[in-house]
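Novice: All residue numbers for the sequence shown refer to my numbering, where the first residue is 200 and numbers rise by one.
Calculated directly from the structure, the hints in this document are not laboratory data. Watch out, some of these pointers could steer you wrong.
What the hints assert, rightly or not - Dumping the calculated DSBU-like pairs for lysine-lysine here, alpha-carbon to alpha-carbon at most 30 Å:
hint: 1; residue 1: K615; residue 2: K703
hint: 2; residue 1: K811; residue 2: K768
hint: 3; residue 1: K414; residue 2: K277
hint: 4; residue 1: K439; residue 2: K269
Said to hold, decoys possible - Here are the computed distance ranges between Cβ atoms for each label pair:
hint: 5; residue 1: T637; residue 2: L210; range: 41 to 47 Å
hint: 6; residue 1: T635; residue 2: F490; range: 47 to 53 Å
hint: 7; residue 1: N284; residue 2: A676; range: 50 to 56 Å
hint: 8; residue 1: D376; residue 2: A676; range: 20 to 26 Å
hint: 9; residue 1: T813; residue 2: W873; range: 46 to 52 Å
hint: 10; residue 1: N284; residue 2: S665; range: 37 to 43 Å
hint: 11; residue 1: H227; residue 2: A843; range: 28 to 34 Å
hint: 12; residue 1: E422; residue 2: S296; range: 46 to 52 Å
hint: 13; residue 1: L948; residue 2: G869; range: 25 to 31 Å
hint: 14; residue 1: S303; residue 2: A766; range: 20 to 26 Å
hint: 15; residue 1: S665; residue 2: Y226; range: 33 to 39 Å
hint: 16; residue 1: I624; residue 2: V253; range: 36 to 42 Å
We put the beta carbon where it would ideally sit given N, CA and C, even for glycine.
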Amino acid sequence: MKLRFYCWSILVLACAIYLSISLFRGYHFDSSIMALLPESEQSPAEVLATQHLVNASDRRLIFLLRDSDKPRSALAAKAFAETLNDSQLFSNIQGQSSASATASWQAFYQARRYQLLSGNSRQRLQSNDPTLVDDSLGRLFSPLASLVAGQLLDDPLQLFFQWQLAVIPAFPFTLEDGWLTRTDDEHHYRLIATEISGNPYDIIYQKQVMSTLAKAEAALPPETTLLSSGLMLHAAHGAKQAIGEISTIGIGSALGILLLLFACFRQLRAVVIAFLPIVVGCSFALACSLFLFDSVHLITLAFGAGLVGVAIDYSLHFLCAHNPEDVPENKNAENKSQHQASSVLRSILPSLSMGLASSVLAYAAQGMAPFPGLRQMAAFSALGLIGAWLTVVCWLPVLQASKPIAFNTALIHQLKSWQSRWPNIESLWLKITLATLTLSFATLVYTIEGNDDIRLLQTSPPELLSEDIAVQQLLGAASPARYLVLEGGSVEALLQREEVLTEKLDNAINVGQIANYMSTSQFLPSQQRQQSNHSLLEKTVYAPLGQLHQLALRGQLTGIEAPAQQAFKDTPLNILQLNDWLDTTMSELTTHLWIGEYQGHYYSLITLFGIKDTEAIAQLDQLAQTLKGVEFVDRIADISLLLANYRQQLTQWLVLAYGLVLTLTTLRYGRQAWRVVSAPALASLAVLSLLQLSGSPITVFHGLALLLVLGIGLDASIFLQDSDNSPYTWLAVTLSSLTTLLAFGLLALSSTPVLHYFGVTVLLGIICVWLLAPCFVTRQTPCQKGVNTPL
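Sequences are here, hints too, so could you generate the full structure?
Specialist: So, in structure tokens, the structure goes:
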């Protein structure tokens, strides 16, 4: 006994040292909700596109300053940007700018103007559309004349001008007073786009940025309103919420358990002994998790805080097994304590071991789910229970060998009274009642349709979501969750594939399925397209008696034909190459579209604006399927479908877990094994039925929680079955059920959907298990008599 005590002490000390060093070095816990999601079965193109967009968007924060007074809004924006810049927490702040950027953009493409045509201009030139000249003359003698007349010799039919209008999606912000500004409903919006320099999921960095934003916002005039958008804002809220809930759940559970134990044992020593396996188990689990995983999620810690209600089960059974009825009357108090310390562990060790094995088996089934975060939860919980079990086995016999346990005798007598009146499965009326309930529950469960919408996992408050949506609508931003990803064997092949697809997207715009799109090939046409455009202009616009001649003749623009043709001849074909485009600042606004090379293949994506409805989404998906090397990505639908697939798989794993547990318990209980499994099984059916009747969505996370109901329910059933209906065992089961209700009851109040679903399911499940488990217990089990029931 002493050897076990010292060996476990050394291991616990090593874990404590490792845990202290890791936390002292500033270990950063993960707070990304996406870490809880399955590892998607995506194609390489979709994986690259997703990573590329995530890397581009995760660090971006957008701010809009709204004010009814335009000069005041500019001053407020300037002060806000200066506060951000002074913090040195941002790698890039785009606030005030000048018109030089637009001029540089135009100058870069000006030298290649004869190689650039919009899709509409190409079609009209190819069909020799006679209205092309009329439209060009109309612009020359319209309010647009100031924009196009200056380029009359270089761009007589305004084809380069038309290309610029086509490739730049309509942006509602214009440059005013050096700020990108939008005026809408008597309000003026000033735009500040930033890029953070740190990890958006780093909690310490989050606090620094949020503190800076709060300081900058506090300094704004009362009339100025700040609107913000960015992933980090949601991540910071989620981290703050998770940390708060960790404290609430852990402290709330501990205080509730403390009061329960004092009410039962009325001894501080018994309370300390009860809590010791919890503290050691959680510390052991955290140390092992830090060692096993690259990063530990905050929700893992919050879920682990609920382990309090499960791990205490072992210490409670140990304490309750120290009852005076099991000790010979001729022993004095000291001898009684020594007798119990040496024998109680041997008497409950089979039940403790069976309870641990069944619980770990249930967590192992949970760990098979392809959710990285949930695998962590399963590992943390299983390791915590193992640590708690080892603490009970190795430490408590030594620590409890000094004094006997003083029980609340009134409570024991009350439990005996309840126990004598508790219904048993041997009675006919209970058999009929449970059979009817089982049939009813099974019918309800059969009608359940799972809800796998990823948006159910949203942790941000409505006001933050509304503000984010408002900013995106004001910006006219592309859909971040739906886009097209393309693959090609070379840069040229990929750009040509884009050009084929964009022609079809132009048709989608014409029929109203989408409002617009943005692609790399708009800004960097393929070499084939550039050569074709140049040749088309040469054969149509600049040919003798061509459309340039018609323009000069009908518009009485004498003297422009020869100089314009000479300008065309003097401008050589200068193919725009990928590296030329990437090496300039011109590509900064569209660099998110170009993914690049991966394992000999090249990838890009096309973002979509204003997708009309679900029918348009289906049409886009169908369009992608008709073209080689093109995929339509709908992240919301893909993840929801993935959750649905894994919910169905988890149902199969749950059935398998019950099969494995039934097999394991049959080895010990023989034909009586059904009595051990029936309570958690019927409780699971009851929980699902109650959730269905209440209108609650049934998700994959409810299924994972049912694995916990199985593990906790087996503990209760095993100890009751092995105890020959001892009131002290029922006391331990009742106390462990109450402590679990406290832990997971608080979890059910969580605003984090994943924790809430776990909590509600386990809360209802434990109540049902506590009510049902005594019903299936035999008054005297074969195990207690030392007789094995044959199979």
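Novice: A separate judgement is required for each hint: does it hold in the structure or not?
Specialist: How the hints compare with the structure:
no.	hint	in the structure
1	K615 x K703	violated, 78 Å
2	K811 x K768	violated, 45 Å
3	K414 x K277	holds, 14 Å
4	K439 x K269	violated, 36 Å
5	T637 x L210: 41 to 47 Å	holds, 45 Å
6	T635 x F490: 47 to 53 Å	holds, 51 Å
7	N284 x A676: 50 to 56 Å	violated, 24 Å
8	D376 x A676: 20 to 26 Å	holds, 23 Å
9	T813 x W873: 46 to 52 Å	holds, 48 Å
10	N284 x S665: 37 to 43 Å	violated, 28 Å
11	H227 x A843: 28 to 34 Å	holds, 33 Å
12	E422 x S296: 46 to 52 Å	violated, 25 Å
13	L948 x G869: 25 to 31 Å	violated, 42 Å
14	S303 x A766: 20 to 26 Å	holds, 21 Å
15	S665 x Y226: 33 to 39 Å	holds, 35 Å
16	I624 x V253: 36 to 42 Å	violated, 55 Å
The structure shown violates the earlier hints numbered 1, 2, 4, 7, 10, 12, 13 and 16.
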